[in-house]
Every structure is written in structure tokens, then in C-alpha cells.
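Starting from the known structure of chain A, arrange chain B on it as the hints suggest.
Next come the chains, spelled out residue by residue.
Number of protein chains: 2
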Amino acid sequence: MKTIPTQADIESAHERIRQHIIRTPVMRSESIDTTAGCRIFFKCENFQQIGAFKARGAMNAALSLSPEDLKKGLATHSSGNHAQALARAAKLLGVPAYIVMPSNAPEIKKRGVRSFGGQIFECEPTLQARETTLAEVIKKTGATEIHPFNNYDVIAGQATAAKELIEDAAQPFDIIMAPVGGGGLLSGTLLAVKYFSPNTAVIGGEPEEADDAYRSLKSGKIEPSQAKSVADGLLTSLGDKTFPIIRDQVKEIITVSDREIIAAMRLIWEKMKIIIEPSCSVPLAAVLKHKEKFSGKTVGIILSGGNVDLERACKLFAEFS
Amino acid sequence: MKTIPTQADIESAHERIRQHIIRTPVMRSESIDTTAGCRIFFKCENFQQIGAFKARGAMNAALSLSPEDLKKGLATHSSGNHAQALARAAKLLGVPAYIVMPSNAPEIKKRGVRSFGGQIFECEPTLQARETTLAEVIKKTGATEIHPFNNYDVIAGQATAAKELIEDAAQPFDIIMAPVGGGGLLSGTLLAVKYFSPNTAVIGGEPEEADDAYRSLKSGKIEPSQAKSVADGLLTSLGDKTFPIIRDQVKEIITVSDREIIAAMRLIWEKMKIIIEPSCSVPLAAVLKHKEKFSGKTVGIILSGGNVDLERACKLFAEFS
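In order, the protein sequences belong to chains A and B. Sequential numbering of the first sequence, starting at 1, is according to my numbering. Sequential numbering of the second sequence, starting at 322, is according to my numbering.
Since the hints were derived computationally from the structure, they do not count as laboratory data. No residue lacks a Cβ here, since even glycine has one placed at the ideal position from N, Cα and C. Treat the hints loosely; a few may be bogus.
Said to hold, decoys possible - With a straight-line cut-off of 30 Å between C-alpha atoms, the simulated DSBU-like cross-links for lysine-lysine are: (1) B:Lys572 with A:Lys315; (2) A:Lys109 with B:Lys592; (3) B:Lys572 with B:Lys549; (4) A:Lys315 with B:Lys549; (5) A:Lys228 with B:Lys592; (6) A:Lys110 with B:Lys515; (7) A:Lys315 with A:Lys291; (8) B:Lys515 with A:Lys315; (9) A:Lys315 with B:Lys592; (10) B:Lys572 with B:Lys515; (11) B:Lys636 with A:Lys271; (12) A:Lys271 with B:Lys612; (13) A:Lys91 with A:Lys194; (14) B:Lys430 with A:Lys91.
To be verified - Residues on chain A that point at chain B, a partial pick, calculated with CB under 7 Å: (15) Asn46; (16) Lys273; (17) Gly306.
Claimed, not checked - Calculated from the model, a selection of chain B residues having no Cβ within reach of chain A, i.e. all distances over 12 Å: (18) Gln328; (19) Ser333; (20) Arg337; (21) Gln340; (22) Ser436; (23) Thr453; (24) Asn520; (25) Lys549; (26) Lys592; (27) Lys594; (28) Glu613; (29) Val629.
Bound-form chain A, shown alone (with noise of 0.2 Å):
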């Protein structure tokens, strides 16, 4: 896909991917309304196949390719959710997954991978090492690179989760949330929301230590991420096709503190007894932290995913407790 997707760019994406994703289910809790002063809908993506969002975006990129590039292969430069999601789609459409990471990615992360059948290719723990490596194995195997977010396709399959969350929800929200790392999701949601719900503002939330997008806003051009929060997934900056859209649509993004997401995560596990990971709560630290903004409304939050190593949430509980 070359320019942003249209309503029927993200309908036809939802066709593609129904059966390699789950519907997941949108849940509430009184509790949490009751301290939070209004109506929260959680889209469940922590229950998503690959346990996050990113399994969506993945999907509808590697089926919206021709059949001669599917059966080179699919590859990218990931240590994170995408690595697997990518991994995933290559072997349930039965094409090679190449996938670059650095050396000092988590074992978890790469057996993640290898359960997939994904080759893995190592490299320096810097993004040019990353880049550089990438493109020597695409040009080796005539692969296609799929980006983790700044790609149409991969953004019009997250916005698939906003989409599910409007129908299944069958109500009309006021504010519809996501957090904001590389923009996919973000992105996705807010065309999502434009074509399936134009009555409803999107408010995107971000770490205070990984602020690159609320300083983008400001600024008008992409900033730099300084990469340092607790909520590992939105450490990277926006891309050339995600920070358009967030800038023209997005109400506005609201930043919180590493103390705050680990406040709201706990409140997630505590309450509605899931596990969602530290990124994931950034959109509830959000609402919890400016509660006039939201007192009353009707409020869907995506919740992306849940890949967090129990060892690291405990340290991470105890650490801001």
C-alpha cells in the first residue's frame, strides 16, 4: 500500500487476517470505573496470538504481498513483539522468516522467534549494525523487509483492533485510547476511529522518559526518542508515514511517569487479575492522572500486549512500590 489506508483499505485488511487472529475480548471492570471516574472499555490484546497487537499488522502485510514475493520470505530488524509476530505469519503461510537482532536481545525474545521457525541473524547492538545486516540478507534471499510500524499495510492491520473494540463495545465512546511507541498503533487507531466512529477523540498516552512523540507535536517534525523508560515497547521514534497522521488527528498525548505506568499496571493485574506489560498501561496511567479530563466519558483503551518476563514485573513492582 502506497498512501494511507482508506475505510476500505482497513475492511479489507479485517477479511484478510479473521483467521489467523483472535477476536479479542473487551473487558471492564466497576472497580477500576469507579476509581477512575468514568467508563472504561478494554480491548484485550494481551490475549492476541503472540500475546500482543503486533500479531494484526504482521498478518495483513505478509498476505498482502504477491505470491512470488510471499514465497521469498519476509524479514526485518526487531528485538521485540514484531520479530515474533513477523516469525508467526512466515510460518503459517509456509514462507522463510529472516530476522535481525542484536546480539544482547533477551534468549526469550529469540526462542520466541526460533518457536516460529524464524531465522534469526545477529548483529552489533546499534541500528546501523541492524540496517546494514538487514539489507545484506534481503539482498541475499530477495526477501521483503515488513517495518514494525512505518508501513501502510502493518498500519492498517492494527488498526483493526480500534475497529473490533467499536463494534464489539456497540456503543458510542467519547474517547478512544492507545499508547504511542513507533505510531503503528496509534496510527491505525486514529483511522480506525475516522472512518468507524468520527465522533470520538483519540488521545494517545507515552512515558515522560520516552516523550519523542508529545515533543514531535510540538515541534512538527520527528523527534528523536531518548529511549530510557520502563515501558520497553515505546522506546522507538515515529516514522515518515505514522507521525502524518498522529499530527493531523490525534487530540492530543498525554505523558506519564514510570512510577505512574507501573502504578496502573498493578492496577490491571489487581483488579481485572490479566498481565499486561509495563507499555501497556500507559493509556490507563493516562486517564488516572487527569481525571477531569475524562470524569463521566465513555472510554476505550487498547491494551496491547502482555509479554512481560514475571522475574522482571516483580522487580518492577517492588521497585515502585
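Chain B alone, transformed into the frame defined by chain A:
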């Protein structure tokens, strides 16, 4: 109710409590199915009101009282989920709840009871002190004692969890499993299966360190519990109403070690992204310990609850890793 609940009793119980409880989802995990070598349907009572199936039995017992008795209030001695379930039922019905709790009950449990407006009577942490205090409270208030498990209305209420599982999975189960403590959930499950899925076998799961039900089946009489396991919801002995139902109908009780309980708990947290308490993972631990018995079968498991303090859970994971 003075006799073992009939099919009609369980159907009425379900109608009676329907608007006050959550029809909890049935979840699956490809990854756990692969590990276990069978197809498992998890009935997620960790998402129930107050975080456990106990909301069902307490509500059914309360709604089964005459208006005159109900008005005088509900009473019990309990330091666990039943105390909260009874306080919630009383609050919803606008009557008082009198809860006798040992002085060493965790503050979080007391807060839970108070959050529903329950009145707490503290006593020495012995069974005798609990019973004496409860008798005094009842004499003074005229409230009705609702026992946590040895009560046919409570059993009929707990039976509705398995009834929903059978209805919602919409396919025949070879086996349905529940953990066993006092036996309220297991005897309710046995009755639901007898009436609504008579070709299904029921297997109980019990901690080795509190295997009184296993020993009671062997000896033919109610044996006391050693009360030592990490599965703190399963430390009570059977009652004279739950024991005969279990003795006559259960196929088998499988016991598992504390280590196996925590390993199964961890598997559910990691693969299903949901939070369950140690008592709740006992049936899955039993499946994983005796895979040959379950190989290729369709198995239903009642996940009984999710009320575990995060600090305690983290400590258990560290201790048994």
C-alpha cells in the same frame, strides 16, 4: 434446601443469581494444549465478582432465605473469599452481613469485607473461638448462618459454574475438573455434570500437603486436613453434606505437590496472561502430572479464583523456580 440439590434446584439457582454474577468466559490456550497433550477449556471464575466462584453460592443461599430471615442478615465465620462473597450478597440485597474473622486474618481480606459494608467480629484464631463468636452474633442479631460449603444452597450456587462451562463450550467433555478444599465447588460440579453432561467423568485436584479428601475417599469417612499447602484456599476438611456427593460420584482425586501447583500457576500466568491464585492451578497441575490419563481428551477445568497478593505470588515464583 434440606436434600441434595436436584436438576431443577440448580436450574432455579442459576435463574436466581443470573443478574448478580458474571457469566465468566471460557478460555483456551494452544500452547498449554500442546504441553498437556489434550484440549482444555478453562472456565475463568477468576474474573467472577469478588474474584472467585464463591460469589455464586453465597448469592444463591442469600436469595433462598425467606424475606423475614433475609432481613435479619447473613452471618458466617471465614477468613477467605466466602466472607467477601457474603458481604457483597448482603449489600446488594440491602441487609446486614456479620462476618466473624480470626484476629490474624490478612488486612486485605478485612478491607474486602468492609468495602461491601460487612461488619467484622474479631476473635481468637481457633476454630472453637470462631464458632462460639458466630453463635453469639447469631443469637444477638437473629441472622442466618451461611456456611462456606456445607450448605446445599451454596452447593447449588457453585454448581452453576460447571453448568455454564458445559453450555458455553458446546461440545462433549470427557472430563471436568475442579480443585477440592471443603468440597463446595467439587460437589456442585459433580451435580452439574450428573444432570447436564452425564457421560463426563469428574476428577478432583488436591494438594498433597492437604490431601484430606483423597484420604477420606480411601477411609470412607471425613478425615481432618493437615492444612499446610501453598494452596491456601484448599486447607479445610470436607463437610457432611459435601463428602457423600464426592464419595458417590467422583471418578478420582489426584494430588499434586506445592512445586507442581506453582509451576502450573506460572504456566497459566505466562501463557494465558491471566492471574489465578495457587489453589486454582491444582487441576492443571494434576493434568500435567498424569498426562497419560488425559491424552487426546477434551477436558474442562474450573479456574476457581484469582485472589492472590502480588507480593506473595512473586515470592512463591521465586521460591519454587
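Here is how each hint holds up against the structure:
1. Distance restraint check for Lys572 (chain B) and Lys315 (chain A): the Cα-Cα separation of roughly 42 Å exceeds the 30 Å cut-off, and the hinted pair is therefore not satisfied.
2. Note on Lys109 (chain A) and Lys592 (chain B): the hinted pairing holds, with a Cα-Cα distance of about 14 Å set against a maximum of 30 Å.
3. In summary, the hint linking Lys572 (chain B) to Lys549 (chain B) is supported, as the alpha carbons are separated by about 25 Å, within the 30 Å threshold.
4. For a cut-off of 30 Å, the pair hint linking Lys315 (chain A) to Lys549 (chain B) stands: about 28 Å separates their Cα positions.
5. With a CA separation close to 28 Å, the supplied pair Lys228 (chain A) and Lys592 (chain B) stays within the 30 Å bound.
6. For a cut-off of 30 Å, the pair hint linking Lys110 (chain A) to Lys515 (chain B) is broken: about 47 Å separates their Cα positions.
7. A threshold of 30 Å between alpha carbons decides the hint, and for Lys315 (chain A) with Lys291 (chain A) the separation of about 28 Å falls inside it, so the pair holds.
8. At most 30 Å may separate the alpha-carbon atoms for a hinted pair to count; Lys515 (chain B) and Lys315 (chain A) exceed this at roughly 46 Å.
9. With a C-alpha separation of about 20 Å, the suggested pair Lys315 (chain A) and Lys592 (chain B) falls inside the 30 Å cut-off, and the hint holds.
10. Taken as a hint, the Lys572 (chain B) and Lys515 (chain B) pair is honoured in the structure, with Cα atoms around 12 Å apart against an allowance of 30 Å.
11. Taken as a hint, the Lys636 (chain B) and Lys271 (chain A) pair is honoured in the structure, with Cα atoms around 20 Å apart against an allowance of 30 Å.
12. Taking the CA atoms of Lys271 (chain A) and Lys612 (chain B), the gap is about 33 Å. The hint is violated against a cut of 30 Å.
13. Of the pairs offered as hints, the one joining Lys91 (chain A) and Lys194 (chain A) is violated, with about 33 Å between alpha carbons and a cut-off of 30 Å exceeded.
14. Under the criterion of a C-alpha separation no larger than 30 Å, the hint pairing Lys430 (chain B) with Lys91 (chain A) is inconsistent with the structure, at around 47 Å.
15. The criterion of a C-beta within 7 Å of any C-beta in chain B is met by Asn46 (chain A), whose closest approach is roughly 5 Å, and the hint holds.
16. Given hint, Lys273 (chain A) at the interface with chain B, holds; its Cβ is 4 Å from that chain's nearest Cβ, closer than 7 Å.
17. This hint holds: Gly306 (chain A) has a C-beta 4 Å from the nearest C-beta of chain B, less than the 7 Å allowed.
18. With a closest Cβ-Cβ approach of about 31 Å to chain A, Gln328 (chain B) is found to remain outside the 12 Å limit, as its non-interface label requires.
19. No beta-carbon of chain A comes within 12 Å of the beta-carbon of Ser333 (chain B); the shortest separation is about 27 Å.
20. For Arg337 (chain B), the shortest C-beta to C-beta distance to chain A comes to about 21 Å, beyond the 12 Å cut-off, and the non-interface label holds.
21. The claim that Gln340 (chain B) lies off the interface holds: its Cβ sits roughly 14 Å from the closest Cβ of chain A, which is beyond the 12 Å cut-off.
22. Interface exclusion of Ser436 (chain B) from chain A breaks down, the closest Cβ pair being 9 Å apart, not more than 12 Å.
23. Every CB of chain A lies more than 12 Å from the CB of Thr453 (chain B), the least distance being 35 Å, so the non-interface label holds.
24. At roughly 30 Å from the closest C-beta of chain A, the C-beta of Asn520 (chain B) stays outside 12 Å, upholding its exclusion from the interface.
25. Every C-beta of chain A lies more than 12 Å from that of Lys549 (chain B), the closest at about 24 Å, which supports listing it as non-interface.
26. Residue-level check failed: Lys592 (chain B) sits 9 Å from the nearest beta carbon of chain A, not beyond 12 Å.
27. Listed as outside the interface, Lys594 (chain B) is inconsistent with that label: its C-beta sits roughly 4 Å from the nearest C-beta of chain A, within the 12 Å cut-off.
28. The Cβ of Glu613 (chain B) sits about 25 Å from the closest Cβ of chain A, beyond the 12 Å cut-off, so the non-interface label holds.
29. With a cut of 12 Å on Cβ distances, Val629 (chain B) falls inside the contact zone with chain A, its closest approach being about 9 Å.
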